[in-house]
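Enquirer: The listed protein sequences correspond, in order, to chains S and Y. Take 0 as the starting number for the first sequence in numbering that gives the first Met the number 0 and just add one per residue. Take 0 as the starting number for the second sequence in numbering that gives the first Met the number 0 and just add one per residue.
Any given hint might turn out to be false.
What follows is a list of derived Cβ distance ranges for each label pair [what the hints assert, rightly or not]:
(1) Y:48 <-> S:36: 22 to 28 Å
(2) S:28 <-> Y:26: 53 to 59 Å
(3) S:28 <-> Y:69: 50 to 56 Å
(4) S:199 <-> Y:21: 31 to 37 Å
(5) Y:23 <-> S:139: 35 to 41 Å
(6) S:9 <-> Y:56: 22 to 28 Å
(7) Y:56 <-> S:283: 21 to 27 Å
(8) S:18 <-> Y:21: 30 to 36 Å
Mimicking SDA-like on lysine to any residue, the simulated pairs with C-alpha atoms at most 25 Å apart in a straight line are [stated by the list, open to error]:
(9) S:275 <-> Y:33
(10) S:291 <-> Y:37
(11) S:249 <-> Y:49
(12) S:206 <-> S:291
(13) S:191 <-> Y:49
None of these hints come from the bench; they were simulated from the model. Nothing here was measured: the structure is a model prediction, and the numbers come from that model. For every residue, glycine included, the Cβ atom is placed at its ideal position computed from N, Cα and C.
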Amino acid sequence: MIEKLMQMTRASGCAAKINPKDLEGFLNKIKQFKDKRLLAGFEHNEDAAVYKLDENTGIVFTLDLITPIVNDPYIFGQIAATNSLSDVFAMGGKPLMALNIVCFPEEKKKYNLLNKILKGGADKVAEAGGILAGGHSVNDKEPKYGLAVVGLVDPKKVIYNNTPEAGNFLILTKPLGVGIISTAIKGEIAEKKVIDKAVFWMTKLNKLSKELLKLNIHSLTDVTGFGLIGHLSEMILLSGKELGVKVSIKDIPVIDGVYNYINMGMVSKGAMRNQKIYSCLVEKNINLSFEKEIVLYDPQTSGGLLISIDPQQVEKAINLLHKEGFAESKIIGEVIKSNNKERIKIC
Amino acid sequence: MNQSIDVRGLSCPLPVVAVRNKLLEIKKGILEVLVDTGTSKDNITRMAVNIGWRVEEREEGEEYLLTISK
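So that you can see chain S by itself, here it is in the shape it has in the complex (with noise of 0.2 Å):
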């Protein structure tokens, strides 16, 4: 019988991230490269970076690669890819060119495994409109796949993950909970409408049109392995002003499905590690029960975008974004003055 893409693997999607404390600590004692052409680098974990070659081009440049989240591989090949594109996105950029990056076991009878996850990964590279131009390969017993990707954006569009602005709105493009209903598939237990639920947003590219493009956007990021809470805290905290963020718990879609999973000790440990490292950030306002909570830090593998945008042109954003098929896109809360150790309100 051949072994389920799943099975393969210890630590799935997004939650396989080191822990970012230590990540912090090994990134620290690297030499900071200052370029006045690098409009983004390590200093504010951007979601790539970016290289102004003139005053009207950049170059987006990102590498994302995931262990199995699923155990289909052609979607898992999709899931990957949307994944790794989804860092250009985030900065305003279109994807240009992409390189394969793929972990594999050197066993001829998984073979056919591969070239399906393969396959997955160039559809959702010409989806996006991009190209895939090559590749490298390492033989492992715990398959990983992913890109890297070439993108462009003018230098002046670019949309950082570290500058709202008091009084902007927050919008979340994608429901919540892909990370618990992966930890369910890999249990076992997961059902089908769920897992298709699931698969349907990781694999949608998070591509914005160019009308919304056009919106005055003040910060963007894709919310991925550090869960929302995590994703905002470096949205605000990066900023370097004395922001906050007021979040309606009630407006934060999740997927259903994913609080009975829960429940059923569906938790992932990057779940729970990144409570660790960021609940002191959060003041709870009302009674959350343990599911509600939980979800906020769920690492999240190809993520919704996080958008805080001028209040006067939310409404203008969220018809476009369910126009554009992000039909369960909500304003989740807005960006506030803060300067209280806890600043993410969750009301």
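Starting from the known structure of chain S, arrange chain Y on it as the hints suggest.
Expert: Below, chain Y alone, put in the same frame as chain S:
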């Protein structure tokens, strides 16, 4: 006689799945569970309480012994 299950060394979520299957099989009585991560311990406790079992926890060095009963 109490039943027991050792889920040390299993990767998430296999510990909670193994304990859940065992609880559904024995239906009532006492099950002792040896577990080696905080996340698995919390997940097993939450799952067991949600399906109507009581859980007592004892820390043994870096491991935990859970006594689950109904």
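Enquirer: Check the hint pairing residue 291 of chain S with residue 37 of chain Y against an upper bound of 25 Å on the C-alpha distance.
Expert: holds, 20 Å
Enquirer: So the hint says 53 to 59 Å: do the beta-carbon atoms of residue 28 of chain S and residue 26 of chain Y match that?
Expert: holds, 55 Å
Enquirer: A range of 22 to 28 Å was offered for this pair. Does it hold for the Cβ distance of residue 9 of chain S and residue 56 of chain Y?
Expert: Taking Cβ atoms as reference, residue 9 of chain S and residue 56 of chain Y lie about 25 Å apart, which means the hint holds.
Enquirer: Is it true that the C-beta distance of residue 18 of chain S to residue 21 of chain Y lies inside 30 to 36 Å, as the hint says?
Expert: holds, 32 Å
Enquirer: Are the Cα atoms of residue 206 of chain S and residue 291 of chain S separated by 25 Å or less?
Expert: Answer violated: residue 206 of chain S to residue 291 of chain S is near 28 Å, above 25 Å.
Enquirer: Could one say that the CB atoms of residue 23 of chain Y and residue 139 of chain S fall in the range 35 to 41 Å?
Expert: Roughly 36 Å apart at Cβ, these two residues keep to the hinted range, so it holds.
Enquirer: Just to be sure I understand the hint, the distance between the Cβ atoms of residue 199 of chain S and residue 21 of chain Y should be within 31 to 37 Å; is that true here?
Expert: With a Cβ separation near 34 Å, residue 199 of chain S and residue 21 of chain Y satisfy 31 to 37 Å, so the hint holds.
Enquirer: Do residue 48 of chain Y and residue 36 of chain S keep their Cβ atoms within the hinted range of 22 to 28 Å?
Expert: Since residue 48 of chain Y and residue 36 of chain S have Cβ atoms about 57 Å apart, the given range 22 to 28 Å is violated.
Enquirer: Per the hint of 50 to 56 Å, is the separation of the Cβ atoms of residue 28 of chain S and residue 69 of chain Y within bounds?
Expert: holds, 52 Å
Enquirer: For the pair we were handed, residue 191 of chain S and residue 49 of chain Y, check the Cα-Cα distance against 25 Å.
Expert: holds, 23 Å
Enquirer: For the range 21 to 27 Å, tell me whether the beta carbons of residue 56 of chain Y and residue 283 of chain S fit it or not.
Expert: Once the Cβ atoms are compared, 25 Å apart, the range 21 to 27 Å for residue 283 of chain S and residue 56 of chain Y holds.
Enquirer: Are the Cα atoms of residue 249 of chain S and residue 49 of chain Y separated by 25 Å or less?
Expert: Cα-Cα ~23 Å, so holds.
Hint compliance for this structure: hints 1 and 12 are not met, and every other hint is.
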